[in-house]
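Those protein sequence lines, which keep their order, are chains A and B. So for the first sequence, my numbering puts the first residue at 979; every next one is plus one. So for the second sequence, my numbering puts the first residue at 979; every next one is plus one.
Check before you lean on any hint, since a few could be wrong.
Each pair may be met inside one copy or between any two copies, as identical chains are not told apart.
Said to hold, decoys possible - Distance condition first, Cα-Cα at most 20 Å in a straight line; then the derived EDC-like pairs of lysine to aspartate or glutamate:
#, residue 1, residue 2
1, LYS1270, ASP1010
2, LYS1455, ASP1010
3, LYS1166, GLU1549
4, LYS1546, ASP1163
5, LYS1278, GLU1268
6, LYS1399, GLU1276
7, LYS1287, GLU1275
8, LYS1594, ASP1327
If you are wondering where the hints come from, they were derived from the structure by calculation, not from laboratory data. Predicted model only: the values in this text are computed from it and were never measured.
Protein chains: 2
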Amino acid sequence: MASEQQVVVKNPVTLCKYSKRVSLKTIVGSSDGGLELAGKRVVIGGWVKSSNEAALPAQEVGGGGSAAAVVTVGSKDVGCVEILPFFRSLMKALGGSQQQHHPSRGKLDSGVPKMPPTAVLQVSDGSCVATLQVRVDSSIWRPSEIMPTGTCIVVKGTLQQPAVKENKHAIELKVEKVIHVGAVDQDKYPLSKIRLPLEFLRDFPHFRPRTTTVASVTRIRNAFTQAAHTFFMNNGFLYVQLPVITTTDCEGLSEKFQVTTLLRKELKKEVISTGDSVRVSLETVKASIEDKNKLVEELKIKSEINKEKLISALQDLCNAYELAAQLEAREKANKSGTLVITERVDFSDDFFSHQTYLTVSGRLHLESYACALGNVYSFGPRFRAEKPDSKKQVAEMWMIELEMAFSQLEDAMKCAEDFLKFVCEWAIEKCSDDLKFLSKRADQTIIDRLQSMVSSSFERVTYAEAVDVLKQVKDKKFEKQIEWGVPLSEEHERYAYGGDEIYKSPVIIHNYLKELKPFYVRLNDDGRTVAAFDVVVPKAGTLIRGSQNEERFSVLNTRIKEQSLPKKQYEWYLDLRRHGTITHSGFSLMFDLLVLYATDLIDVRDVIPFPRSHGKANN
Amino acid sequence: MASEQQVVVKNPVTLCKYSKRVSLKTIVGSSDGGLELAGKRVVIGGWVKSSNEAALPAQEVGGGGSAAAVVTVGSKDVGCVEILPFFRSLMKALGGSQQQHHPSRGKLDSGVPKMPPTAVLQVSDGSCVATLQVRVDSSIWRPSEIMPTGTCIVVKGTLQQPAVKENKHAIELKVEKVIHVGAVDQDKYPLSKIRLPLEFLRDFPHFRPRTTTVASVTRIRNAFTQAAHTFFMNNGFLYVQLPVITTTDCEGLSEKFQVTTLLRKELKKEVISTGDSVRVSLETVKASIEDKNKLVEELKIKSEINKEKLISALQDLCNAYELAAQLEAREKANKSGTLVITERVDFSDDFFSHQTYLTVSGRLHLESYACALGNVYSFGPRFRAEKPDSKKQVAEMWMIELEMAFSQLEDAMKCAEDFLKFVCEWAIEKCSDDLKFLSKRADQTIIDRLQSMVSSSFERVTYAEAVDVLKQVKDKKFEKQIEWGVPLSEEHERYAYGGDEIYKSPVIIHNYLKELKPFYVRLNDDGRTVAAFDVVVPKAGTLIRGSQNEERFSVLNTRIKEQSLPKKQYEWYLDLRRHGTITHSGFSLMFDLLVLYATDLIDVRDVIPFPRSHGKANN
């Protein structure tokens, strides 16, 4: 062990703000891997990602650490901790192999004298992809207490070139004092040295960020967030905090979550009464009504696709109701028994005295600020109470929305393109290590893909052209045949952009058929198409949906009527056309999908810190 | 009028990004008020804030505009638009005087020949406090169409020194072409040239940002938002988007909103029954069912043509059946003398299969990211379903939360102080005009107050010291007597900090009695106090609540038990102590209160774009 006198202590390394430690990025994040910091004394903190025991040859113990032999326990893939029973079975199910060695119980290669071992830890503090190699001699701390994956340590020591020459680490920390050990309950800790499947990690959102993958995803999310705010700051946009609780339905189509304080009271009422009369035949019909109702709800979500099915389901439901009514009448004639039914919900008792929802989109609200302040944006959570039909949707997702007064479709498309290029360039610059790490999963380096987004000029096609191009495809049979009037589905997008079959760069599809877009999008002069656009990128599909919104009162009013929307709800929105109307355009960017695109992961739940999906909202 | 040849056209002024106009800030926001831009030709857009008519003396009409006489119609306080009936009565109630002149009907001062008048408009586009004076000759556009407050115009013209010398404007725009006019329905438009009470404006959140006050508030909010993100970026914090929907109760005390999809069906019933608790008779509904059936049959014949209509008719019919069934049941229940009671809420049918809430605070979730990545923060909406007991609380408020691993109480207090200084300095730099404008309402200039926040050192006192100091107050009788163990209330804070009676600068009160703070705050060695702190500032009161959180499993576990909290809900939170625990601290900043503090307004609803308060969530 090098004595303190031998170490040349230079100026201390910059401390991490608000904690008396040095961020590991300051050490191993530099281009030389921290080599120039050799000799400096630092305090660091972090979590053990993996560990080995190194037994120093007898003559080396206590001396300079230049020729120690690292003895790795077990094979490369073996975890240092006891594997949890449920993870063990999961791995078995997944076909993974398991050898269970515990380092303190492992056998050292023969030939090396059994000397007091040294713990060699790979430690991360989340500041960068690279870990710092930390060497703790057993004379300083018992190896078995600090070696398990997930242990938190705060240690003081001196940076030095590794005791054993190897390529991975330019520098390691030779510990002189252990300041803190946050132990791990190895029987219960879900993480290990082994890379775990993302599906498995979803059950542990509170531990996920300790994995390299989710840590990288988080840093990339952060970079995009910072880039977004910087873009808007540079371009004179004002940030507006829009409400999550709302009475306005932005689209008139999506299923919404209700916000209420009523359910609590009803639970109390339930305690008082338990009565429930059973009526077999009528109940059966009623149950079938519920099923039919569900089917109708499901079909409505895809009503654009299959109106025939929806019509037949609705007809079916009506018939069931009729039958139930008949049965009810018959029964009434026979009996005069009691019946317990659900009271109509009286929203005047609710917190806001009327029904409120979680917002689906903030664009309508944003318009009112644009029509006063010019360029505005928002960045917040948006909600849909729908069972997702793809891995790109959960109930709560973050969106960036912007709205610009005195602007038209062309301006919004230009802004969307500039925005994507800006944030991707930012991510490349700030997160190159993370992107390189995640590229190991991908078919090409993610950086190349982002770089091509930055340098390419987005192609622009009309919806009509996009349909034509897809209709001419001969070598591929689509599940859903593409037709004029049919929305482009994921499979169409995948074909057109995914494999670069048709388009080599991100594409902006614009001028959609009016039936395919919400009521507020501006009607084009042809009376059939509207000034909407989607930005579609390879793999992730549609990242941005934008439009020039209808500024003409009479046209907007007609569109609201045509779609049988509750006009009263939109009076305030119509007001913006009644008084001082102006052309304006904007877009919504699905932020989580942007992160999905840049990380090349598949399921959006893996890039959202605490995802909320159908049937699942833990924590 | 100056001919085009006479005007020296210099290089065009920088265009506003994504719209073919020049932002007014570019013109009137410069230190010389835009004087150096004289002679430049620009397109601008904005909303008319007020207007006058100027009649040019006969000999000047059509000539150079240097000696025109501005003729102001009516007195200084007279609005240019017809005042709404309800506003008229409001103003009467408030004691305001009203004279109703309409410029086009107003009489010009005698002695000036009645020549075609010129409209002189004060136009704002929200980019800055100052308005641009815009002069539109009647030969170009009818004055009466563009003069009403709230009219949106896009015009092209040449910047010139004002036709009439006056102090207010260094430059004005002489319009050559009117590109767009978004008229105002004067009978219905709520805003006017007169400054309106903030209470009145709350009913028009979609128009409020067109007032100078709310526009300034929005720009200051924006500056604080940008400053916050910049502070965190500079100090190595990662942004984490925390969920709004949650099952974890951060404090165990606050009333929460429930998130559900269970009330959906009841909503549909409401729509059919034409709402407002009007009881529809069973007969009426049965009759409507017949009608609806007929309609469906008719539509089926031409179903190819209009599927949408058929779907909506069928849905309508189903709903009617459902209502009929419900009414039938209710009638039956009533007849037989039984009470109609509410059915038990079965959350397994709910979207997430269990009960979920809107989050009260994100700090617990944030901890899991801090205990992996170091310094993290969030910025999002938080919710309390409580009737507010002050003007500083509404149901939905935005908070900035941060959490730092490897840090202690002292670090969080330092960070809180640095943060406030940084964002206040930023606001002073970026929003000086807005702060000056808002200072007109305040007792001192707001900038001085913010400046003293930036330059002062925050005083630190323990809770015990704060109580002692307040107990020694003799000249003031508090409504609630201060005692050891009693939380400091607004009146105590107001006394101590509001009038600078005791403390001259922001104060950090720390080490509260444990009963006064949530269960997760770290217990001090005395066993009676906890490592919590509040940052209290003059007028706004507590802006920040922070703490070092309990990292010791056994202590935390005991605290959960002591407070009889549902332990199961906190298992994941306890996990962070089971595995790799570490000291950590952080705080929550009530963002809306920071804006309230900096704008010197009184009611938080006036600084939130769309406030959600008890009984009120419009739009």
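The hints, checked one at a time:
Proximity of LYS1270 to ASP1010 under the C-alpha cut-off of 20 Å is found in neither arrangement, the shortest distances being 66 Å within a copy and 71 Å between copies. In this assembly of identical chains, LYS1455 and ASP1010 lie within 20 Å of each other by CA distance neither inside one copy nor across copies; the values are 53 Å within and 67 Å between. In this homomeric assembly, LYS1166 and GLU1549 come within 20 Å of each other (Cα to Cα) only across copies, at 12 Å, whereas the closest approach inside a single copy is 56 Å. Taking CA atoms no more than 20 Å apart as the test, LYS1546 paired with ASP1163 passes between copies only; the shortest distance there is 18 Å, against 58 Å inside one copy.
When the C-alpha separation of LYS1278 and GLU1268 is checked against a cutoff of 20 Å, the pair qualifies only within one copy, where the shortest distance is 15 Å, while the shortest distance between copies is 24 Å. Proximity of LYS1399 to GLU1276 under the C-alpha cut-off of 20 Å is found in neither arrangement, the shortest distances being 37 Å within a copy and 53 Å between copies. In the homo-oligomer, the alpha carbons of LYS1287 and GLU1275 lie at most 20 Å apart both inside one protomer (12 Å) and across protomers (17 Å), since each shortest distance falls under that limit. For the identical chains of this complex, LYS1594 and ASP1327 are inter-copy neighbours only, at 12 Å across copies versus 29 Å inside a copy, given an alpha-carbon limit of 20 Å.
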